[in-house]
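Chemist: Now for the letters of each chain:
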Amino acid sequence: MNPFWDNIFHRSGYEQTLAYFLGSMPMFKMLDKRELAFLENIVHVRNYEADETIFNEGDIGSGMYSIRSGQVQIYNRSEQEPEIEQAILQPGDFFGEIALTASRPRCASARTTEPTVLVGLFRSDMLEAVRRHPAPSAKIMLGLNRVISDRLLQCSIQLEELKKQLIDSRKQQSDA
Amino acid sequence: MLSQNNMSRAQVAVIYLVLTTAIASGIAIYSSASTFTILLKTATAGLFLPLLISLIVSFLLDPVVYFFEGKKINRSLSIFIVYLLFFALMVLLLLVIGPPNWKGMMQALKADFPRYISSAIEYLSSLLVNAQEHFPFITNYDIAARLSSASQSFFGFILKETPRSAMRIGSLLLLVPLFSFFFLRDSRRIMRGLISLAPNRYFEMVLDIYANVSWQLAHFIRGRILEALIIGMVVWLGLSFTDIHYAPILGVVAGVSNLIPYIGPIVGMIPGLVIALVDLGVGGQFWWILCVYLLIAQIIIDNFILIPVLISKVSNLHPLWVILAIVMGGKLYGVLGMVIGVPIASIINIVIIAIRQHRKTFNPYQRYFTSRGKLL
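Protein sequence lines correspond, in order, to chains B and Z.
Taking the working numbering, the leading residue of the first sequence gets 1, the next gets one more, and so forth.
Taking the working numbering, the leading residue of the second sequence gets 177, the next gets one more, and so forth.
Everything labelled a hint here was simulated from the structure, so no lab data went into it.
Quick caveat: nothing in here was measured; it's all calculated off a predicted structure.
C-beta: ideal position from N, C-alpha, C; glycine also.
It is possible that some hints are incorrect.
[What the hints assert, rightly or not] Here are the simulated DMTMM-like pairs of lysine to aspartate or glutamate, each with C-alpha atoms no more than 25 Å apart in a straight line:
id: 1; chain 1: B; residue 1: K33; chain 2: B; residue 2: E97
id: 2; chain 1: B; residue 1: K29; chain 2: B; residue 2: E97
id: 3; chain 1: Z; residue 1: K248; chain 2: B; residue 2: D93
id: 4; chain 1: B; residue 1: K171; chain 2: B; residue 2: E160
id: 5; chain 1: B; residue 1: K139; chain 2: B; residue 2: D93
id: 6; chain 1: B; residue 1: K33; chain 2: Z; residue 2: E245
id: 7; chain 1: B; residue 1: K29; chain 2: B; residue 2: E128
id: 8; chain 1: B; residue 1: K33; chain 2: Z; residue 2: E298
id: 9; chain 1: B; residue 1: K139; chain 2: Z; residue 2: E245
id: 10; chain 1: Z; residue 1: K247; chain 2: B; residue 2: E160
id: 11; chain 1: Z; residue 1: K247; chain 2: B; residue 2: E35
id: 12; chain 1: Z; residue 1: K247; chain 2: B; residue 2: D168
id: 13; chain 1: B; residue 1: K139; chain 2: B; residue 2: D150
id: 14; chain 1: Z; residue 1: K248; chain 2: B; residue 2: D150
id: 15; chain 1: B; residue 1: K33; chain 2: B; residue 2: E160
id: 16; chain 1: Z; residue 1: K248; chain 2: Z; residue 2: D419
id: 17; chain 1: Z; residue 1: K247; chain 2: B; residue 2: D150
id: 18; chain 1: Z; residue 1: K248; chain 2: B; residue 2: E128
id: 19; chain 1: Z; residue 1: K248; chain 2: B; residue 2: E97
[Stated by the list, open to error] One side only, chain B facing chain Z, incomplete, derived with CB under 7 Å:
id: 20; residue: R46
id: 21; residue: Y48
id: 22; residue: I60
id: 23; residue: F122
id: 24; residue: S124
id: 25; residue: K164
id: 26; residue: Q165
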């Protein structure tokens, strides 16, 4: 691709807006344009430098973040080794959604690895939105609920598999 | 520094230069800061009251505006509708009750006020004579004379200040609707802009604190104003069963003074009781008036109904802090300070509680510790 001759303007203006980005996320897929514009007004766009802490394990969380551009590392600290990396998140991914519904301590730490733009959706804004604009907020919460329950489903399937493996290995041990 | 000999001559020169510049600029800032604060003071002198009142008005009207906004009307238009409704209500009230007879009321008060004061003083001095029989050492302390001179100067002050305060009310009538329109329309945008200035690390905490403070403040202000309104109405209604003069004014006094906790209701009761004593004497009506003030308005309506329903949701301050806030507010801004001292103290309370909740974020040494407090 030749950056000079290529038509870099083929993307329409709307595709570069925050609303379009939000609409491309799995949890907000079922929102229409008006509701996306509403969502655009409750989220906060935050700019981070490279290697900046977003939150630490054990902090009181108050909302979720999604990555618009950049990269985020999720890690745990344990007492033996300083850090265990859990995941590297790319644009379009989201994290910290547990703190959106109730103020729970964060279960992992997050930091940026390169200059990053995050879009934060926080509990206090969400509560206000639920009070004042119930219909679009219900759709947002429903989408969020779907994503979280999908994760729960995946987790329980994996747990079942692990249980099966454990039982099998025990059987093999007792047979041997 | 030099004895350690690990600094070149150029570095020492730079340090000297930096130090002298720092000292010089410190002196310059100090000397200009005083004129700057004076400038700031004169520039913002008359703005405190209108801003405060429009903030309160916007807190009060906010739910109504949201009611109209829920009907798919845009925000500016719904604010205009609310203003129009408010204006229509005022005009309707004026049409129903008729324009208040300011001049007649003023003249009646002018005639009656000295009478009330003089009989109160008479009553007090008879009490004093009685007391002097038991405690002879208070003879040289002339309470009655002091009270009469104080009341005369107070009355003169009221007469002199009324036209001036009318002027101020005129300017308030112009400024308050304007300010509160912008507060109602843009407060969310303004506050979002301010919050977004917070550094990333403290952003969540600042957002939580803001949400908490604004929620509590809105409830507190709405609750307080509604409480004052209802108490004023109850006192007015209760007093209008008797033959007492000035029942509406006494109702307003009771309502306004009810904004100051603990001390206000007692102070607000005094004019009513004095007028009742002077005009009606000690009798059935006097006891009824005392009953209205104390039992019905304060104990039954306020303590058992209004405070649990309206204010108990807001985080409660210990009475000691409330009284301290009232005294300090009164020293700073007089009666106005007494009224706004308590909400400001509760804001400080909320902020401290929220910061304590988020203290992990504030801990500067946390990178050396695990989440359970052990050293890494």
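Chemist: Quickly compare the C-alpha distance for K33/B and E245/Z to 25 Å and report which way the hint goes.
Modeler: Holds, at roughly 19 Å.
Chemist: Are the Cα atoms of K247/Z and D150/B separated by 25 Å or less?
Modeler: Roughly 36 Å separates the two Cα atoms, so the pair is violated.
Chemist: Hey, K247/Z versus E160/B, does the alpha-carbon distance stay inside 25 Å?
Modeler: violated (50 Å)
Chemist: Within 25 Å, alpha carbon to alpha carbon, are K248/Z and D419/Z?
Modeler: It is violated: about 51 Å lies between the C-alpha atoms, which goes past 25 Å.
Chemist: Decide if the proposed pair is consistent with the structure: K139/B and E245/Z, CA atoms, cutoff 25 Å inclusive.
Modeler: Holds - the C-alpha atoms of E245/Z and K139/B are around 19 Å apart, at most 25 Å.
Chemist: Quickly compare the C-alpha distance for K33/B and E298/Z to 25 Å and report which way the hint goes.
Modeler: Measuring from Cα to Cα gives roughly 77 Å; hence the hint is violated.
Chemist: When you check the alpha-carbon spacing of K33/B and E160/B, does it fall within 25 Å?
Modeler: With a Cα-Cα distance of about 40 Å, the restraint between K33/B and E160/B is violated, given a limit of 25 Å.
Chemist: So, F122/B near chain Z? Judge it on the closest CB pair being under 7 Å.
Modeler: holds (6 Å)
Chemist: Given the hinted pair K248/Z and E97/B, is their Cα-Cα distance within 25 Å?
Modeler: violated (30 Å)
Chemist: Would the pair K248/Z and E128/B pass a check requiring their Cα atoms to be no farther apart than 25 Å?
Modeler: holds (17 Å)
Chemist: Are K247/Z and E35/B close enough, with their CA atoms no more than 25 Å apart?
Modeler: holds (16 Å)
Chemist: Starting from K171/B, check that the Cα of E160/B is at most 25 Å away, please.
Modeler: Judged against 25 Å, a Cα distance of about 16 Å means the pair holds.
Violated hints, in rising order: 3, 8, 10, 12, 14, 15, 16, 17, 19, 25, 26; the structure is consistent with all others.
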